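Peer 1: Here is what each chain is made of, one letter per residue.
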Amino acid sequence: AAGVIQSPRHLIKEKRETATLKCYPIPRHDTVYWYQQGPGQDPQFLISFYEKMQSDKGSIPDRFSAQQFSDYHSELNMSSLELGDSALYFCASSSLTLNTEAFFGQGTRLTVV
Amino acid sequence: LAKTTQPISMDSYEGQEVNITCSHNNIATNDYITWYQQFPSQGPRFIIQGYKTKVTNEVASLFIPADRKSSTLSLPRVSLSDTAVYYCLVRNAGNNRKLIWGLGTSLAVNP
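Protein chains in written order, with our numbering: chain P, 1 to 113; chain X, 1001 to 1111.
Hints are computed from structural coordinates only; laboratory data are not their basis.
In this text the structure is predicted, and so the values were computed from the model without any measurement.
Even for Gly, the Cβ is constructed at its ideal location relative to N, Cα and C.
There could be a bad hint or two in this list.
[Stated by the list, open to error] FRET-style restraints, in silico, Cβ to Cβ: (1) X/ASN1019 <-> P/ASP42: 17 to 23 Å; (2) X/THR1053 <-> P/ASP56: 26 to 32 Å; (3) P/ARG28 <-> X/PRO1065: 30 to 36 Å; (4) X/ALA1108 <-> P/ARG9: 26 to 32 Å; (5) X/GLU1058 <-> P/HIS73: 27 to 33 Å; (6) X/LYS1003 <-> P/MET53: 24 to 30 Å; (7) P/GLU51 <-> X/LYS1003: 24 to 30 Å; (8) X/THR1053 <-> P/LYS13: 46 to 52 Å; (9) X/ARG1077 <-> P/ASN99: 26 to 32 Å; (10) P/LEU98 <-> X/THR1056: 18 to 24 Å; (11) X/PRO1040 <-> P/GLU75: 24 to 30 Å; (12) P/MET53 <-> X/GLN1016: 43 to 49 Å; (13) X/GLU1014 <-> P/ASP71: 42 to 48 Å.
[Claimed, not checked] With a straight-line cut-off of 30 Å between C-alpha atoms, the simulated DSS-like cross-links for lysine-lysine are: (14) X/LYS1003 <-> X/LYS1069; (15) X/LYS1003 <-> P/LYS52; (16) X/LYS1003 <-> P/LYS57; (17) X/LYS1069 <-> P/LYS57.
[Stated by the list, open to error] Partial pick of chain X residues on the chain P-facing surface, computed with a CB cut under 7 Å: (18) PRO1044; (19) PHE1046; (20) GLN1049; (21) ALA1093; (22) TRP1101.
So that you can see chain X by itself, here it is in the shape it has in the complex (with noise of 0.2 Å):
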């Protein structure tokens, strides 16, 4: 399983753009960029998955560069309810028995 590695923090303010960006370097051919987020004492929430280019939902957009050694998540415009921890994780298609999380990203939004 790809290894993740994402910024410890980062801090932003309302009505901003924040994007979080994530490196799997060894990233194999069926593995899913996946993006979590988790409030304090509450089960991580699934965000977006991508597997290549640009995925798009209602909550944030996912960028995939051709050769998916990174991810970037974007959140537009974040409220101060966006304060949570995110979790960027690679999930294998053939094998989705366990997820190994990395150290996730700390982000506070400032009023």
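Only chain P is shown next, with the shape it has when bound in the complex (with noise of 0.2 Å):
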């Protein structure tokens, strides 16, 4: 069965750059989540969206920018990275109208130098 597919799986930046992480949900699922993992911390919901409309946001920093597009892949823009910027970030999919749970991608590692 397809999973969420995230890319890149490894980034490495330096400071004051920017990033840009994409995410493709499974097929038909209408909602996406993103989330940052810090080292040994708990994922932090940073923002959603719901059929291609923005849903919630998070503890999502100002710098951060996020789009779902027509073909509902997401994007989540980072600008001006800082080196608390580097985490793991997960991007994860699931249906509010067959009432699924959320998948998870398996993320994309970034590190800023």
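Dock the two chains into a complex; use the hints.
Peer 2: As structure tokens, then:
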């Protein structure tokens, strides 16, 4: 079965650079979520989209933005990167219509140096 | 969204049954209880979900009392590969737009 695909799996950036993370949800899932997980920490909700519209916002810095495109893939754009942005970034998708649980991708490990 | 509380860590031995209890006192009528497993540097993996009474799948069982203010994840005969962090979440069926993650339970299975 198709799963949530994230790319890239690993990314190394320098401070003040920008980064773009991509997420391809499971087909026919209508909701996408982004999470940030620091070392030894629990996943922190950043933002979510329902049917391509932003639906909820969590602890997402103003330097970050996200969108969901017509093909339902989503991108998390991160600018003016800071050392503290180094973390695992997970994307998940679910279907509100089918009342499914959220399925997670394998994550993108971002390292800011 | 209902907040969850679960033990920070647990220790077990291979072959034992492990029960992890989660409290969710403010659970709402249309909330579901969902458990995830996470290995280091990997995405959380769905284990089991339930609304009330008992749910069982090939991996685990989930026990939910009538008042639904708590739930217990039961892992039968754990192995070393079950060493992971286990998260209990309450998911709103009518507004499945975000999941609030509490502090998971770090389970260590010893030989």
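Peer 1: None of the hints should be skipped; say for each whether it holds.
Peer 2: These are the hints, each one checked on the structure:
For X/ASN1019 paired with P/ASP42, a C-beta distance near 21 Å keeps the hint of 17 to 23 Å intact. The hinted range of 26 to 32 Å is satisfied by X/THR1053 and P/ASP56, whose Cβ atoms lie roughly 30 Å apart. Distance hint check for P/ARG28 and X/PRO1065: the Cβ-Cβ separation is about 35 Å, which falls inside the suggested range of 30 to 36 Å. Roughly 27 Å separates the CB atoms of X/ALA1108 and P/ARG9, a value that falls within the hinted 26 to 32 Å.
For X/GLU1058 and P/HIS73, the hinted distance range of 27 to 33 Å is satisfied, since their beta carbons lie about 31 Å from each other. Distance hint check for X/LYS1003 and P/MET53: the Cβ-Cβ separation is about 27 Å, which falls inside the suggested range of 24 to 30 Å. With their beta carbons about 28 Å apart, P/GLU51 and X/LYS1003 fall inside the hinted range of 24 to 30 Å. Evaluation of the 46 to 52 Å hint for X/THR1053 and P/LYS13 yields a pass: the beta carbon distance comes to about 49 Å.
Distance hint for X/ARG1077 and P/ASN99: a CB-CB separation of about 31 Å, consistent with the stated range 26 to 32 Å. The hinted window of 18 to 24 Å between P/LEU98 and X/THR1056 holds, with their beta carbons roughly 22 Å apart. Taking the beta carbon of each, X/PRO1040 and P/GLU75 are about 26 Å apart, inside 24 to 30 Å as hinted. A beta carbon spacing of about 47 Å between P/MET53 and X/GLN1016 agrees with the range 43 to 49 Å that was offered as a hint.
Between X/GLU1014 and P/ASP71 the beta carbons are some 46 Å apart, a value that agrees with the proposed interval 42 to 48 Å. For the proposed pair X/LYS1003 and X/LYS1069, the alpha carbon gap of about 11 Å is at most 30 Å, so the pair holds. Distance check on the hinted pair: X/LYS1003 and P/LYS52 sit about 28 Å apart at the alpha-carbon level, within 30 Å; holds. Annotation: proposed proximity of X/LYS1003 to P/LYS57 holds, straight-line Cα distance about 18 Å (limit 30 Å).
A threshold of 30 Å between alpha carbons decides the hint, and for X/LYS1069 with P/LYS57 the separation of about 27 Å falls inside it, so the pair holds. The beta carbon of X/PRO1044 comes within 5 Å of a beta carbon in chain P, closer than 7 Å, and the hint placing it at the interface holds. Proximity of X/PHE1046 to chain P holds as hinted, the smallest CB-CB distance being about 5 Å (cut-off 7 Å). For X/GLN1049, the interface hint holds, the least distance from its beta-carbon to any beta-carbon of chain P being 5 Å, beneath 7 Å.
Because the beta carbon of X/ALA1093 sits about 5 Å from the nearest beta carbon in chain P, less than 7 Å, this interface hint is met. A least Cβ separation of about 5 Å between X/TRP1101 and chain P falls short of the 7 Å threshold, and the interface hint therefore holds.
Checked against the numbered hints listed earlier, the structure breaks none of them; every hint is satisfied.
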